[in-house]
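Fit chain S to the known structure of chain W by using the hints.
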Amino acid sequence: MTETAIDVNNISFSYGKLKVIDDMSVAISPGTSYGLLGPNGAGKTTLIRLMVGLLKPSSGSIRCLGKAASRELAHQIGYMPQLPALYNELSVRQNIDFFARIYGMKHKKERSQRVDEVIRLVDLWQKRNAHVNQLSGGMKQRVSLACAIVHRPPLIFLDEPTVGLDPELRVHFWNYFEELIKSGSTLIISSHTFDDAAHCNKLAFMRLGKIVAEGSPRELKQATGKLDATLENAFLYFIRREDKADGK
Amino acid sequence: MASNAIHIAGRVANQIIHDRRTMALILIVPLVVMTLIGLSFPDESVLDYIAPAMLATLALFFSFLLTGISFLRERSQGTMERLMVAPVTRLDIVLGYLLGFFIFALIQTLIIVLFTIYALGINFYGELWQILLFQVVVITGAVTLGIFTSTFAHNEFQMVQFIPLIIVPQIFLCGVIWPVEQMPEYLQWLSVILPLTYAVEGLRDIMLYGFSLADVWVELAVLLGFAILTSILASLTLRKRV
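Chain order of the listed sequences is W and S. Residue numbering for the first sequence follows numbering that gives the first Met the number 0, beginning at 0 and increasing consecutively. Residue numbering for the second sequence follows numbering that gives the first Met the number 0, beginning at 0 and increasing consecutively.
Bear in mind the hints are in silico, worked out from the structure with no lab data behind them. Note that the Cβ used here is the ideal one computed from N, Cα and C, for glycine as well. Every clue listed holds true.
In the SDA-like style, the derived pairs of lysine to any residue whose C-alpha atoms are separated by at most 25 angstroms in a straight line are: (1) K55(W) with R89(S); (2) K105(W) with S2(S); (3) K66(W) with L54(W); (4) K105(W) with G9(S); (5) K105(W) with P86(S); (6) K16(W) with K209(W); (7) K139(W) with H6(S); (8) K209(W) with I61(W); (9) K126(W) with V170(W); (10) K126(W) with H6(S); (11) K107(W) with P86(S); (12) K107(W) with T88(S); (13) K201(W) with L64(W); (14) K66(W) with A26(W); (15) K66(W) with T88(S); (16) K139(W) with M79(S); (17) K139(W) with M83(S); (18) K209(W) with E241(W); (19) K181(W) with D194(W); (20) K139(W) with R20(S); (21) K243(W) with A212(W); (22) K55(W) with R72(S); (23) K139(W) with H171(W); (24) K107(W) with N13(S); (25) K126(W) with R20(S); (26) K201(W) with Q221(W); (27) K243(W) with A228(W); (28) K225(W) with D245(W); (29) K105(W) with Q14(S).
Label-pair ranges, simulated between beta-carbon atoms: (30) L113(S) with H106(W): 41 to 47 angstroms; (31) I231(S) with K16(W): 29 to 35 angstroms; (32) N122(S) with H106(W): 51 to 57 angstroms; (33) I27(S) with I238(W): 57 to 63 angstroms; (34) R119(W) with F156(S): 39 to 45 angstroms; (35) R119(W) with S39(S): 56 to 62 angstroms.
Isolated chain W, as found in the complex (with noise of 0.2 angstroms):
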């Protein structure tokens, strides 16, 4: 296993003019959950669209599990894009089937077990033969979360994985999150929720393409000096210390 899961090294992305990612670096341990926390519009799905390959940077370096993006590579990425991403003309289980499928899983036999698995795993067996355009928003997010995880891959990008989803469903894919994190796999979730992000072991607080402080939870909120502090608090303290330092 390499040191890093993933390497970004002083990236910067633009937009036409506008600059979405601004000269960043990040190094994600394995076996680790990395939280991206940020209001809208702080580049927290481009730069998941960047380290997934779906986008170069104008400069700086990406490495996941020590490679650059490559089809190779591809084979140990799952990703759960922001949109639900699902075929709503085809079954829960189509759907899943055929991600297994173009992830390279060609024995049918192991296939379909793993499929019936992570049906499971979502809980989600009671409509394994409805049509996607028949669910739920909630059960749409939890067959897309199936459709990034059911090869198995070691790195796993989640963009906003709980948008939408009720307290239950909420803790529901927390717990699943946490297992598969035991079971060895790196998790980054992008959100803007501080009830996501205090689950994550390490953060990054995003604001306008930049990283504004980095740490476990626990660090980010004793950074604030209070013993009280939320996430919340502390998001504000970083994000006030950076305008004070940049004069506004």
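Leaving out everything else, chain S in the frame of chain W:
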């Protein structure tokens, strides 16, 4: 690589089969259009002349539209993004779509050809299997053109706008309604670069004059070249347009 193209083709076909309304429209709409054309040309000799051109035009039009919209939907619903992260090449995606839609475009063409010949009773002299094989090449180019064009549209509305830009001019410039030779010289030059010109000429030669596929090899070669070119262009533009 080939296995992923086949998985994508299987999934595309599965999606269309499960969408019953689309399936019904694929089968019924061409029959309605050909019936209207048949009724609007009561003169048998005019219908004999127009029918091969209409077969080529409808194959181009329906395959282009069906593929273009479906491919666009793949991008707008986010599944293309997922595919791009997966170990799938751009060629896998283009070939997968080509194979997936090809089956339905072929069924559609078969219905149109058989309906035109047996229900509208047009006179034709070529071999039926050669007509169908020629249409296969026309469909291939139309499907890849649909994929390529859809990479420039951001929504269904924009995709539909490509019909008056890409399909309609070909109907007027490629000898569908009047012979290319009767058009101004500069428009004749334009018709040389449009694929429908070769589809219409080739199909007319087979159906009206009893030519074989070997006799229309130039038209076949141009249409195949067009399909290969649009496949390559679609593959190249795919990643930039996720």
